[in-house]
Every structure is written in structure tokens, then in C-alpha cells.
Amino acid sequence: MLTIKVLGSGCANCKRVEQIARKVVEEMAVEAEIVKVTDYNDIMAYNILSTPGLVINEKVVSAGRIPTPAEVTTFVVNALEKE
Amino acid sequence: MTTEENCVCSCSCDDAATPVLVFPCAGGSNVGQISNAAAIELDRAGKARIYCLAGVAAHIDGMVASAQGARAIAIDGCNVACARKALEHANVKVEQAIVITDLGIAKNHEFSWNQNEIKQTLAALSL
Chain F
1 MLTIKVLGSG
11 CANCKRVEQI
21 ARKVVEEMAV
31 EAEIVKVTDY
41 NDIMAYNILS
51 TPGLVINEKV
61 VSAGRIPTPA
71 EVTTFVVNAL
81 EKE
Chain L
84 MTTEENCVCS
94 CSCDDAATPV
104 LVFPCAGGSN
114 VGQISNAAAI
124 ELDRAGKARI
134 YCLAGVAAHI
144 DGMVASAQGA
154 RAIAIDGCNV
164 ACARKALEHA
174 NVKVEQAIVI
184 TDLGIAKNHE
194 FSWNQNEIKQ
204 TLAALSL
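Protein chains in written order, with our numbering: chain F, 1 to 83; chain L, 84 to 210.
I should point out that these hints are in silico values taken from the structure, not numbers from a laboratory.
Here the structure is a predicted model, which means the values were calculated and not measured.
Beta carbons: idealized from backbone N, C-alpha and C, even for Gly.
A few of these clues could be false.
Unchecked claim - Cβ-Cβ distance ranges computed for the label pairs, FRET-style:
hint, chain 1, residue 1, chain 2, residue 2, range
1, L, THR101, F, LYS15, 46 to 56 Å
2, L, THR101, F, ALA70, 12 to 22 Å
3, F, GLU81, L, LYS176, 41 to 51 Å
4, F, ILE34, L, LYS168, 31 to 41 Å
5, L, ASP185, F, LYS23, 42 to 52 Å
6, L, ALA137, F, THR68, 22 to 32 Å
7, F, ASP39, L, PHE194, 36 to 46 Å
8, L, GLY187, F, VAL35, 47 to 57 Å
9, L, LYS190, F, GLN19, 49 to 59 Å
10, L, ILE123, F, ASN41, 23 to 33 Å
11, F, LYS23, L, ASN162, 44 to 54 Å
12, L, LEU186, F, ILE34, 43 to 53 Å
13, L, ASP185, F, LYS59, 31 to 41 Å
14, L, LEU186, F, PRO69, 23 to 33 Å
What the hints assert, rightly or not - Some residues of chain L that are not near chain F, with every Cβ distance over 10 Å (derived):
hint, residue
15, THR101
16, LEU104
17, ALA137
18, ASP144
19, GLN151
20, ASN162
21, LYS176
22, ILE181
23, ILE188
24, ALA189
25, ASN191
26, ILE201
27, LEU205
When you get a sec, could you build the whole thing from the sequences and use the hints?
Rendered as C-alpha cells:
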């Protein structure tokens, strides 16, 4: 099972990333847990410059922007290949 | 207070412009150090944020992803172009890249430079 983390305090862009991630895993029928990380120190532990951030199985795959659904799909595929 | 107002991160909650990150090679020569000095000036002027090339080159995933989400500028001291190549190796799209020796400043190992050389470097960038 994938663990997908959305890094951000809950702003509109962070919510959009979460929506995209949920939609992608649903469409791919991938078993994944989606976790929202909102604590500033927890976010900064991922060494990102800005949010929203997206982390899959503890690897930061996107930061400071909203990835497209196609990109997130690629991120998920890559993560599944490494499992 | 709305969620957006609670935002403590540096995210683009209001769809602010994509951040501009500057990556100096900071190499072991006068021109490498000029690249660093020029990048610091850009940061202090608020025109770009200096960011850690070493972290990207080391493929620290959070730093790579951050650089990929920004407009990247590479300032290289010489045409070995370590900064630009390190960014490209990490799949960071480089929006602007300059080489200081191409500006007529000779590379040496004396580690002395002047403000004019920094100004010349800054003038070569489009910001």
C-alpha cells in the first residue's frame, strides 16, 4: 500500500493537490493511504522550499506547485514499481 | 479566520508568481566566488532566492522537487558549467544560464574580485 502525504497547512492549493491525489489513486484502483501533514516543522523536515508538497512512500515528488493528474499518475506508477 | 489566512507556509495560496531560484556554482576560483556574490546580491535585492546547488546535486528529493517547481537561474563561473549541468541532471528546467568567463572576466585562483565584476554579472541576467 502506498502512503501519500500532502504537505501544506490547508490552503486552497494544498487541498487541490489532495483532491488530485485522491482522484488518481481512485481511478488507478491503487491501495493508498492519504495523509495530510499540516504541522510546519513536520513539513520542513522534508526539505521543501514551499508548499504544497506531495510525498509518496517518503519520497518528495513535487513541491511548490500543483502537479497535474498525469504527473501524479506517473509518480504513483514509479512508486509502485519500487515497491 | 479562513484556512487561507491560517497559512503559515510559503505556498502560493493566492497563485502568486512562481518563485525564482538562483543557483551559483560557487566554485573554487575567482569567477566561482563572483557567481556566489552575485547570487547573494540578487537575494538581498529580492529578485531571486539563492538556493542550495549542492542539495540539488546530491539529489535531496525535497530540494530537487522544490527546484523543479521554480524558475531556475544558473550562474556558472566558467564554461565547465557545473551549476547548469547539475540542475539538468536533476531534471530541473533551467530558465537562464550565464557563464562569467563569457563576460570577459578571466578565471584565476587568486580569489580577488571587485564590485564591478559582480555588477557585470548581474547585468548579464534578465530579471
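Quick rundown of the hints versus the structure:
Checked against the given bound of 46 to 56 Å, the beta carbons of THR101 (chain L) and LYS15 (chain F), roughly 19 Å apart, lie outside it. Checked against the given bound of 12 to 22 Å, the beta carbons of THR101 (chain L) and ALA70 (chain F), roughly 19 Å apart, stay inside it. At about 24 Å, the CB distance of GLU81 (chain F) to LYS176 (chain L) disagrees with the hint of 41 to 51 Å. For ILE34 (chain F) and LYS168 (chain L), the Cβ-Cβ distance of about 36 Å falls inside the hinted range of 31 to 41 Å, so the restraint holds.
In this structure the supplied range 42 to 52 Å holds for ASP185 (chain L) paired with LYS23 (chain F), their Cβ-Cβ distance being about 47 Å. Range check, ALA137 (chain L) to THR68 (chain F): Cβ separation about 29 Å, and the 22 to 32 Å hint holds. The hinted window of 36 to 46 Å between ASP39 (chain F) and PHE194 (chain L) holds, with their beta carbons roughly 43 Å apart. Under the hint 47 to 57 Å, the C-beta atoms of GLY187 (chain L) and VAL35 (chain F), about 54 Å apart, fit the expected range.
Taken as a hint, the range 49 to 59 Å holds for the pair LYS190 (chain L) and GLN19 (chain F), whose Cβ atoms sit roughly 51 Å apart. Look at ILE123 (chain L) against ASN41 (chain F): about 27 Å separates their beta carbons, and that is inside 23 to 33 Å. Between LYS23 (chain F) and ASN162 (chain L) the Cβ separation comes to about 46 Å, which falls inside the hinted range of 44 to 54 Å. Look at LEU186 (chain L) against ILE34 (chain F): about 49 Å separates their beta carbons, and that is inside 43 to 53 Å.
Remark: the range hint 31 to 41 Å for ASP185 (chain L) to LYS59 (chain F) is upheld by a beta-carbon distance near 37 Å. The hint said 23 to 33 Å for the Cβ distance between LEU186 (chain L) and PRO69 (chain F), and at roughly 43 Å that hint is violated. Not every CB of chain F lies more than 10 Å from the CB of THR101 (chain L), the least distance being 7 Å, so the non-interface label is violated. At roughly 8 Å from the closest C-beta of chain F, the C-beta of LEU104 (chain L) falls inside 10 Å, breaking its exclusion from the interface.
Every Cβ of chain F is farther than 10 Å from the Cβ of ALA137 (chain L); the closest lies at roughly 12 Å, confirming the non-interface assignment. For ASP144 (chain L), the non-interface assignment is contradicted: its Cβ lies about 4 Å from the closest Cβ of chain F, within the 10 Å cut-off. With a cut of 10 Å on Cβ distances, GLN151 (chain L) falls inside the contact zone with chain F, its closest approach being about 8 Å. Every beta carbon of chain F lies more than 10 Å from that of ASN162 (chain L), the smallest distance being close to 28 Å; the non-interface claim holds.
No Cβ of chain F comes within 10 Å of the Cβ of LYS176 (chain L); the nearest lies about 12 Å off, and the non-interface call holds. Consistency note on ILE181 (chain L): stated as away from chain F, and its beta-carbon is indeed over 10 Å from all of that chain's, at 22 Å minimum. No Cβ of chain F approaches the Cβ of ILE188 (chain L) within 10 Å, the least distance being about 30 Å, so the stated non-interface status holds. A cut-off of 10 Å between C-beta atoms confirms that ALA189 (chain L) is not in contact with chain F; the least separation is 35 Å.
No Cβ of chain F comes within 10 Å of the Cβ of ASN191 (chain L); the nearest lies about 34 Å off, and the non-interface call holds. In this structure ILE201 (chain L) is separated from chain F by more than 10 Å, as the shortest Cβ-Cβ distance comes to about 25 Å. Here LEU205 (chain L) stays apart from chain F, with its beta-carbon at least about 22 Å from theirs, past the 10 Å limit.
Checked against the numbered hints listed earlier, the structure breaks hints 1, 3, 14, 15, 16, 18, 19; every other hint is satisfied.
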